[in-house]
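Chemist: Chains as they are written, first to last, in this note's numbering: chain A, 0 to 284; chain B, 24 to 297.
Hints listed in this document are in silico derivations from the structure and should not be mistaken for laboratory results. Every residue, glycine too, gets a C-beta built ideally from N, C-alpha and C. Please note: incorrect hints may appear among the correct ones.
As the list claims (entries may be wrong) - According to the in silico footprint, chain A covers these stretches of chain B (three or more CB under 8 Å from chain A):
{"no.": "1", "region": "36-45"}
{"no.": "2", "region": "266-274"}
As the list claims (entries may be wrong) - According to the in silico footprint, chain A covers these stretches of chain B (three or more CB under 8 Å from chain A):
{"no.": "3", "region": "59-65"}
{"no.": "4", "region": "121-127"}
{"no.": "5", "region": "213-222"}
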Amino acid sequence: MWRWATLSPALVLLLALGLLPVLNLVVLGFFDVRWADGRASWSFVGTRHYAALAGDALFGASIANTMLFALGAVAGQMLLGFALALLCSKVTRGRVFWRALFILPVLMPGIVIGAMWKLLLNPDFGAIGQLFELVGLQPVDWLGNARIALFSVVLVDVWHWTPFCFLLFLAGLESLPRDVYEAATVDGADAWQELWHITLPLMWPTIVVTFVFRLVLAFKVFDEVYLLTGGGPGTATEVVSFTIYQRFFTEDRAGYGAAMAVAVIFLIFLMLAAAAAARRRVQAA
Amino acid sequence: MRALRREVVLQVLLLLCGLVVVLPFLWVVAAGFRTQISLLMGDFWFTPSLAAFQEVLFSKTSAFLHNARNSVIIGLASTAVSLVAATLGAWSLHRMRWPRWWVHLLLLWALVLQMIPPVALAGGWFVMARGVGLDNTLIGLILAHATLNLPMALWMMGVFVRDVPQDLVEAARLDGASTPVLLWRVVLPLVAPGFAAAGVLCFVFSWNEFAVALNLSMRDTATVPVAIAKFAQDFEIRYVQMAAAASLSAIPALLLLLVAQRWIVKGLTLGAVK
Chain A
0 MWRWATLSPA LVLLLALGLL PVLNLVVLGF FDVRWADGRA SWSFVGTRHY
50 AALAGDALFG ASIANTMLFA LGAVAGQMLL GFALALLCSK VTRGRVFWRA
100 LFILPVLMPG IVIGAMWKLL LNPDFGAIGQ LFELVGLQPV DWLGNARIAL
150 FSVVLVDVWH WTPFCFLLFL AGLESLPRDV YEAATVDGAD AWQELWHITL
200 PLMWPTIVVT FVFRLVLAFK VFDEVYLLTG GGPGTATEVV SFTIYQRFFT
250 EDRAGYGAAM AVAVIFLIFL MLAAAAAARR RVQAA
Chain B
24 MRALRREVVL QVLLLLCGLV VVLPFLWVVA AGFRTQISLL MGDFWFTPSL
74 AAFQEVLFSK TSAFLHNARN SVIIGLASTA VSLVAATLGA WSLHRMRWPR
124 WWVHLLLLWA LVLQMIPPVA LAGGWFVMAR GVGLDNTLIG LILAHATLNL
174 PMALWMMGVF VRDVPQDLVE AARLDGASTP VLLWRVVLPL VAPGFAAAGV
224 LCFVFSWNEF AVALNLSMRD TATVPVAIAK FAQDFEIRYV QMAAAASLSA
274 IPALLLLLVA QRWIVKGLTL GAVK
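Bound-form chain A, shown alone (with noise of 0.2 Å):
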């Protein structure tokens, strides 16, 4: 009696508000809905969103923009944050002090990550505008400019979360034997041999883990984009949640806007599929 009281509160939290959402969008996704009067009045379509939605190269754009986005923003946070780790993790002084200071973009809102760099990108009063000027170089439009601008909203995103990354890796390194390194230093191993054959291979199962985690969070990228570039220009910077977005609120268009989040949640199912089954194989090998 005890075993279902305790779990209900998160299963109705897991099914009733998590499972059938996702359930309503699949149902959505075979009809064409218009709101009328504060009602709804549906008509189904079949499998035309679907057919659409294949012949879409504004989806297939935002679609190819997301993993772009995704594996370069993550990859400039890992090096960055290992990089600052292995710097923090050698002081021994301020650690905390540091520490505290690192994470403070992780906890500020997207919106207002955005808002900041909104004003530090503008091209006639931003900071970075006025940095580069100073120093004789040409100023840059990085939001205007489609074919820079995905770059700066991948630049955002690295100043965004490279702290996350850097908090994981110093926790990691913290947790590392000593005894190891001490070894290596009476068999007289340099900087670089201590790295490449004692840190790394010690540190890998934290870094896939963080990899994994950060890769996941980057393909719901929604808020920064919303503000810097609004999808733009042209179809630059178009992302998947950013394209739902448009689809299902602003145009109004839910039946399609759901088709294009049922494929969306398909993709990443069957990145978790290949990623699990890539796991199984190492651990095989």
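Based on the hints, put chain B in the right spot on chain A.
Modeler: Showing chain B alone in chain A's frame:
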């Protein structure tokens, strides 16, 4: 001597990284103290003005205090719901007798739920909320945020619940403790650190959440991030007001970082190291 020189070099490098983190914040806070003209002119020196903060907080064109009230209510309530559901649920799943496939299935679903873009869920919730009349209510957003944060809380509480010693549980049972008494008197004090860590993070993530709040709220239920985005969307972007509002919205995270840094670090690193 060499050790000292190395320490100085490392500290200087860390200071440079620290500046990369802090300077953008300071510049934006400073922008909040400018006037729109001074900002657009791009002069380095300016006379500080409280006009933007005053406008954000007290003018008729802004409902920031009301938005902050909504955010606090939603944050506290959704955190409470997530924590209760996660603690009880974690105990049930990890320490009570369930078929293994059922436990695995639920935890796997929690993982998948965590991976689904919130915007996609917002679409489903939007239709559901309209159906039962919860659209444009704080309750709708509270439940949505509680659901979004539950997988993380469930995972964190699971780590702590599994560490509760079986001896203590059996001793309490022998003393005739019922399940609620056991949970309240024995388990809760032992998992208190996890409770604190999960609680702080649930609140911060709810306070920060934008994609769902944007689509499930209207004027009078809008949260702080929705209000900040609004400043960027008016016909003419209100830059200084946006900077002032962004600065104000950072206050809760700053306070929590000061008083609860331990729990934040513990919460964020949990699982990656274990």
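Chemist: Against the earlier hints, flag every one the structure doesn't satisfy and list their numbers going up.
Modeler: The structure breaks hints 4 and 5; every other hint is satisfied.
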